[in-house]
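Residue strings, one per chain:
There are 2 protein chains.
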Amino acid sequence: MNGESVKPPAPDVRLPGFADIERAAAHIAGLAHRTPVLTSTYFNDRTGAELFFKCENFQKVGAFKFRGACHAICALTPEQAARGIITHSSGNHGQAVALAAAMNGLQAVVVMPKDSARVKLDAVRGYGAEVVLCEPGTTTRQAAVNALIERHGYHEIPPYDHPDIIAGQGTAALELLEQVPDLDVIMAPVGGGGLLAGTAIAARHLKPAIRIIGAEPANADDAARSFRSGQIEPAAAARTIADGLRATLGVLNFAVIQRHVDDIVTVSEQAIIDTTRAVWARMKIIIEPSCAVPLAALLEGKFDARGKRVGVILTGGNVDIDRFVAG
Amino acid sequence: MNGESVKPPAPDVRLPGFADIERAAAHIAGLAHRTPVLTSTYFNDRTGAELFFKCENFQKVGAFKFRGACHAICALTPEQAARGIITHSSGNHGQAVALAAAMNGLQAVVVMPKDSARVKLDAVRGYGAEVVLCEPGTTTRQAAVNALIERHGYHEIPPYDHPDIIAGQGTAALELLEQVPDLDVIMAPVGGGGLLAGTAIAARHLKPAIRIIGAEPANADDAARSFRSGQIEPAAAARTIADGLRATLGVLNFAVIQRHVDDIVTVSEQAIIDTTRAVWARMKIIIEPSCAVPLAALLEGKFDARGKRVGVILTGGNVDIDRFVAG
Chain H
0 MNGESVKPPA
10 PDVRLPGFAD
20 IERAAAHIAG
30 LAHRTPVLTS
40 TYFNDRTGAE
50 LFFKCENFQK
60 VGAFKFRGAC
70 HAICALTPEQ
80 AARGIITHSS
90 GNHGQAVALA
100 AAMNGLQAVV
110 VMPKDSARVK
120 LDAVRGYGAE
130 VVLCEPGTTT
140 RQAAVNALIE
150 RHGYHEIPPY
160 DHPDIIAGQG
170 TAALELLEQV
180 PDLDVIMAPV
190 GGGGLLAGTA
200 IAARHLKPAI
210 RIIGAEPANA
220 DDAARSFRSG
230 QIEPAAAART
240 IADGLRATLG
250 VLNFAVIQRH
260 VDDIVTVSEQ
270 AIIDTTRAVW
280 ARMKIIIEPS
290 CAVPLAALLE
300 GKFDARGKRV
310 GVILTGGNVD
320 IDRFVAG
Chain R
0 MNGESVKPPA
10 PDVRLPGFAD
20 IERAAAHIAG
30 LAHRTPVLTS
40 TYFNDRTGAE
50 LFFKCENFQK
60 VGAFKFRGAC
70 HAICALTPEQ
80 AARGIITHSS
90 GNHGQAVALA
100 AAMNGLQAVV
110 VMPKDSARVK
120 LDAVRGYGAE
130 VVLCEPGTTT
140 RQAAVNALIE
150 RHGYHEIPPY
160 DHPDIIAGQG
170 TAALELLEQV
180 PDLDVIMAPV
190 GGGGLLAGTA
200 IAARHLKPAI
210 RIIGAEPANA
220 DDAARSFRSG
230 QIEPAAAART
240 IADGLRATLG
250 VLNFAVIQRH
260 VDDIVTVSEQ
270 AIIDTTRAVW
280 ARMKIIIEPS
290 CAVPLAALLE
300 GKFDARGKRV
310 GVILTGGNVD
320 IDRFVAG
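For the protein sequence lines, the chains are H and R, in the order given. Each residue of the first sequence is one higher than the one before, starting from 0 at the first, in numbering that gives the first Met the number 0. Each residue of the second sequence is one higher than the one before, starting from 0 at the first, in numbering that gives the first Met the number 0.
Just so you know, nobody snuck in bad clues.
Computed spacing ranges between beta-carbons, pair by pair: (1) K113/H with P135/R: 47 to 53 Å; (2) S267/R with K113/H: 36 to 42 Å; (3) D319/H with D44/R: 19 to 25 Å; (4) A25/R with F17/H: 41 to 47 Å; (5) G125/H with M102/R: 41 to 47 Å.
What the hints contain is simulated information worked out from the structure, not anything from laboratory work. We put the beta carbon where it would ideally sit given N, CA and C, even for glycine.
The whole structure should be built from the sequences, with the hints applied where relevant.
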C-alpha cells in the first residue's frame, strides 16, 4: 500500500470486512463452482510475468456475478424472500439473480436494457426469471425497478453497490489466494466496482503486501478518474466493447477501493479486442471482452509486472461469438 | 467387453500394452500438461449422463497429439535424432512434432497439405519447424515425405500408426482415470485411430469392465465400417468439418481397436457443428469440431449413456474461429 490512497469512508457507511467474505464463502459453498486456475506459457512470455488466471468464465451462469447474487439471496430474511426479488442488469448479474433465485425457489424479475446481448436475455429467461425491458442507461433502469417495487413490493438485489454483493464477489480472490498463495499482484476489472472491492478486501487481509490493481477501458474510465480525484466522478456515455464495465462506480465500492487498491489503469478498445481474441486462440477459453482488460493492461505495459506472480480474475464468458467475430 | 469384437492381431504385429503407456507417461511428465477435467450441468441435463471432459484442448500446442509426438521423440536413439526428423500432418500432429523437436533441440520438417488451416501452418512455423507444402491427400503426403527422406536421410515420426504414438496418446486416458477413477464409459473420436487405440489399452487395463466407445463423422466412417466388417475398409474422400478425423485407420490401431473397443458410432455434420458451438457457448472453452464428435453422439442418442459416468476426451482447440463462424 505504501500509505497512499488510504482515506476513511464516510462515517455512516459500514464497509464489509474479511469476515463477511468468509461468511459469503460458507453460503455459496456447494452452490457456486470452485473455479480452476489456468496458466499460459504464451502470455507469460509476452508479459515477462507469471500469470495465474482465475476462470470465473467457468462459474455458474458463466460469470463471477453468481457469487454475489447467490450470497445476497441466501442472506435474505424470510420476509424479504417472500416479497419476491427484483434487480436490474445488462446481463451477467441478471442471469446470476435468476439462477440463484430459482435454486432457492424464489420468483425473480430482471429489468434489462433493450440493447442487451440476445444470449444474455435468453439466458435470464431460461433460468425462469421474468424479464422487463427498458431503455438503456443506469438511471432509466433504476427508475423502472423503483416503479415495479412500488407496484408489487419486491425486494431489490442491487447489482454491485451493497455489502453482500461485495462480500460474495470477494470469494473469487479468497479462492485464488488459497489456490496460489504466493501472489505478488492481483488484478481485476472495474465497472461498478463490486468485484474490485471484494477482491481488495480479501487480498489485503490475506496478503497485506500484495499489489491490488484495477483495470478499466479508457472509454469508460470513471473509476480511474475517481481514484485520482478522490471523489466519484460522473461516467460519460461509455462507448466500450467491454459491456460489463459500463456501470458507474458504486459509493461503497469506491470507499473500499480508496482504502485498499494501489492503482487503476486504463486500456484502449483495440487492446481489449486484440487481447480477447488472443485469449480465445491461445488459451482455448471463451472470455467476454470485459475479462480481457487486466491482461490487456499487462500486454500494453500499463502496469509493469515483469518477474512478478500475478493473479488475474477472468470475470466471465458470456459473449455473442458471432457478433464479436463479425464486428 | 462381453466377449465380442475380440480378435487376435496379425502375428507379426507387436501391440503396445499398458506398460508402454506408463513409460510414455514418465517420458512426457514435465513436458506435457496434466490437463484438467471439466464438468457441465447443461450437458449432463441434456444427455442424462454424468460427463467428465478431459481437456486436451489445453494441452501443449492445443491438442492431445503432443503426447504421442513428445514420447516418440523422447524415445529416439541418438543416431535417429541426429538424422533430423520429418512427419506429415494436416495440423495438430505437425505442431506437436515441431514443438517436441524444438524442446529437444532437434530440427523438424513437416509436410502439410496446401489446404491446411492458416492458424495451423503459422503455428508449425512458429515452433521453428520447416514446412513443406504438398497437394491434399494422404498418399501424396506420404510420397512427399518418402522423397525427402531419400534425399536427406531424415527419421520419420508417423502421425498415428506406431506403438510410441499409441502409447503417448494413451496417457490422456491414464490421467483421466486417475482424476475420475469410477467411469462406466470412456469415449474418444477416431480418425487414424491412435488416440482411440491408446485410450482403449489404458482404460481396459485400469478398468476391465469399462465400455470403450469410438465416435466418427458419418461422412468419414471408415473406422466404423472396418470395425463391423473386421477388415480395414478404404476411406472415401472425406467431406467433414472435423478435419482432424479425415485420416484412414492405421493397421496397428485397428488391431488394438478390434481387441478392446466396444463400439464405434457415427454422427452427422450438422450435429458436429451444433455441438461445437454449444460447447463454446455453454462450457466457455474453444474446441475444434473433431472434438465434438463423441458428445454429438451422446446428444443424438447414438449411444445411450443415461445414468452412466462417461469420460469424454476433448482432443484439441486449434480452430480458425473466424472461418468457422462465418461458415
